[in-house]
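*Asks:* Kindly generate the complete structure, drawing on both the sequences and the hints.
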Amino acid sequence: MKNIFTIFFLSILIFCIIYFNNISNLFAQKLNTELSLCYKSDQARYECFVKQMEGRLERAKVNETMRRSILEAKEELRFELMNLEKKQREKERKEMMKKVEISRSRNISNKGKKYSINFGYVIEATP
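Here the sequence shown is numbered in the working numbering, starting from 5 and rising by one per residue.
It is possible that some hints are incorrect.
Stated by the list, open to error - Under the rule of at most 20 Å between Cα atoms (straight-line distance), these lysine to any residue pairs were calculated in the SDA-like manner:
#, residue 1, residue 2
1, K44, K55
2, K95, I106
3, K98, R82
4, K98, L81
5, K55, K65
6, K95, F83
7, K91, L75
8, K91, K102
9, K55, S45
10, K95, E84
11, K65, E76
12, K95, L85
13, K78, L88
14, K65, A77
15, K90, K102
16, K91, M101
17, K78, E68
18, K55, S40
19, K95, E79
20, K65, L75
21, K78, N67
22, K55, Y43
23, K55, L41
24, K55, R71
25, K98, N87
26, K78, E89
27, K91, E80
28, K55, L39
29, K103, Q92
30, K90, I106
31, K91, R72
32, K55, C42
33, K103, R93
To be verified - Okay, the calculated beta carbon distance ranges per label pair:
#, residue 1, residue 2, range
34, Q56, L85, 42 to 48 Å
35, N87, A64, 32 to 38 Å
36, R60, R97, 51 to 57 Å
37, R72, A48, 37 to 43 Å
38, I106, V66, 56 to 62 Å
39, F19, K65, 51 to 57 Å
40, K65, N87, 28 to 34 Å
Think of the hints as simulated: they come from the structure by calculation, not from any bench.
Ideal Cβ positions, reconstructed from N, Cα and C, are used throughout, including at glycine.
*Replies:* As structure tokens, this is what we get:
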């Protein structure tokens, strides 16, 4: 008898836990009357769907224009950065060429005579 009573009590307890868990899930979803009206009929469900989709195309267009403007700004910055790097390399190259010209004009061979560098070869002045 005691064994049957515990089984009966546990089954009722499990049933109550499941029942109250489902109710608490409904409260967690925050169901309101407006949402419950959407599930009364197919027509009501369709009207709720249309209401949710209202303005979605305009938002998509705004997002697309924003995305394109961001991409254009990034491309412009990339182009400016490439030009800046190119100008910097050109400036460094000109400075290097000036230094090379200055060193060519001052260079003296081991025989005490001036020489110039052509394509990496030292051309000695002949007597």
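*Asks:* All the hints need checking, so say for each whether the structure fits it.
*Replies:* Tested hints:
Proposed proximity of K44 and K55 is supported: the alpha carbons are some 16 Å apart, at most 20 Å. This hinted pair checks out: K95 and I106 have alpha carbons roughly 17 Å apart, not beyond 20 Å. For the hint pairing K98 with R82, the CA-to-CA distance comes to about 24 Å; that exceeds 20 Å, so the pair is violated. Between K98 and L81, the direct Cα distance comes to roughly 25 Å. Violation of the 20 Å bound is thereby established for this hinted pair.
For the hint pairing K55 with K65, the CA-to-CA distance comes to about 18 Å; that is within 20 Å, so the pair holds. Restraint check: the Cα-Cα separation between K95 and F83 comes to about 18 Å, which is no more than 20 Å; the hinted pair holds. The suggested pairing of K91 with L75 is violated, with an alpha-carbon distance near 24 Å, which exceeds 20 Å. Of the supplied pair hints, the one linking K91 and K102 holds, its CA atoms being roughly 16 Å apart against a limit of 20 Å.
Note on K55 and S45: the hinted pairing holds, with a Cα-Cα distance of about 15 Å set against a maximum of 20 Å. Restraint check for K95 and E84: the C-alpha separation of about 16 Å stays at or below 20 Å, so the hint holds. Pair hint K65 plus E76 holds up; C-alpha atoms about 16 Å apart against a cutoff of 20 Å. With a CA separation close to 15 Å, the supplied pair K95 and L85 stays within the 20 Å bound.
Proposed proximity of K78 and L88 is supported: the alpha carbons are some 15 Å apart, at most 20 Å. Our distance criterion of 20 Å between C-alpha atoms is met by K65 and A77, whose separation comes to about 18 Å. Under the criterion of a C-alpha separation no larger than 20 Å, the hint pairing K90 with K102 is consistent with the structure, at around 18 Å. Annotation: proposed proximity of K91 to M101 holds, straight-line Cα distance about 15 Å (limit 20 Å).
A distance of roughly 15 Å separates the Cα atoms of K78 and E68; the hinted pair therefore holds under the 20 Å criterion. Restraint check for K55 and S40: the C-alpha separation of about 15 Å stays at or below 20 Å, so the hint holds. For a cut-off of 20 Å, the pair hint linking K95 to E79 is broken: about 24 Å separates their Cα positions. With a C-alpha separation of about 15 Å, the suggested pairing of K65 with L75 holds against the 20 Å cut-off.
The hinted pair formed by K78 and N67 meets the criterion: a straight-line CA distance of about 16 Å does not exceed 20 Å. Our distance criterion of 20 Å between C-alpha atoms is met by K55 and Y43, whose separation comes to about 14 Å. Distance check on the hinted pair: K55 and L41 sit about 13 Å apart at the alpha-carbon level, within 20 Å; holds. Simply put, K55 and R71 have alpha-carbon atoms about 26 Å apart, too far for the 20 Å limit, and the pair is violated.
Of the pairs offered as hints, the one joining K98 and N87 holds, with about 16 Å between alpha carbons and a cut-off of 20 Å not exceeded. The suggested pairing of K78 with E89 holds, with an alpha-carbon distance near 16 Å, which does not exceed 20 Å. The hinted pair formed by K91 and E80 meets the criterion: a straight-line CA distance of about 16 Å does not exceed 20 Å. For the given pair, K55 sits about 12 Å from L39 by alpha-carbon distance, which is consistent with the 20 Å threshold.
This hinted pair checks out: K103 and Q92 have alpha carbons roughly 17 Å apart, not beyond 20 Å. Taking the CA atoms of K90 and I106, the gap is near 24 Å; set against the 20 Å cutoff, the hint is violated. At roughly 28 Å between alpha-carbon atoms, K91 and R72 are farther apart than 20 Å, so this suggested pair is violated. Annotation: proposed proximity of K55 to C42 holds, straight-line Cα distance about 11 Å (limit 20 Å).
Taking the CA atoms of K103 and R93, the gap is about 15 Å. The hint holds against a cut of 20 Å. Against the hinted window of 42 to 48 Å, the Cβ-Cβ separation of Q56 and L85 comes to about 43 Å, which satisfies the hint. Between N87 and A64 the Cβ separation comes to about 35 Å, which falls inside the hinted range of 32 to 38 Å. Between R60 and R97 the Cβ separation comes to about 55 Å, which falls inside the hinted range of 51 to 57 Å.
With their beta carbons about 39 Å apart, R72 and A48 fall inside the hinted range of 37 to 43 Å. Under the hint 56 to 62 Å, the C-beta atoms of I106 and V66, about 60 Å apart, fit the expected range. For F19 and K65, the Cβ-Cβ distance of about 53 Å falls inside the hinted range of 51 to 57 Å, so the restraint holds. Restraint check, K65 to N87: a C-beta distance of roughly 33 Å satisfies the suggested window 28 to 34 Å.
Checked against the numbered hints above, the structure breaks hints 3, 4, 7, 19, 24, 30 and 31 and satisfies the rest.
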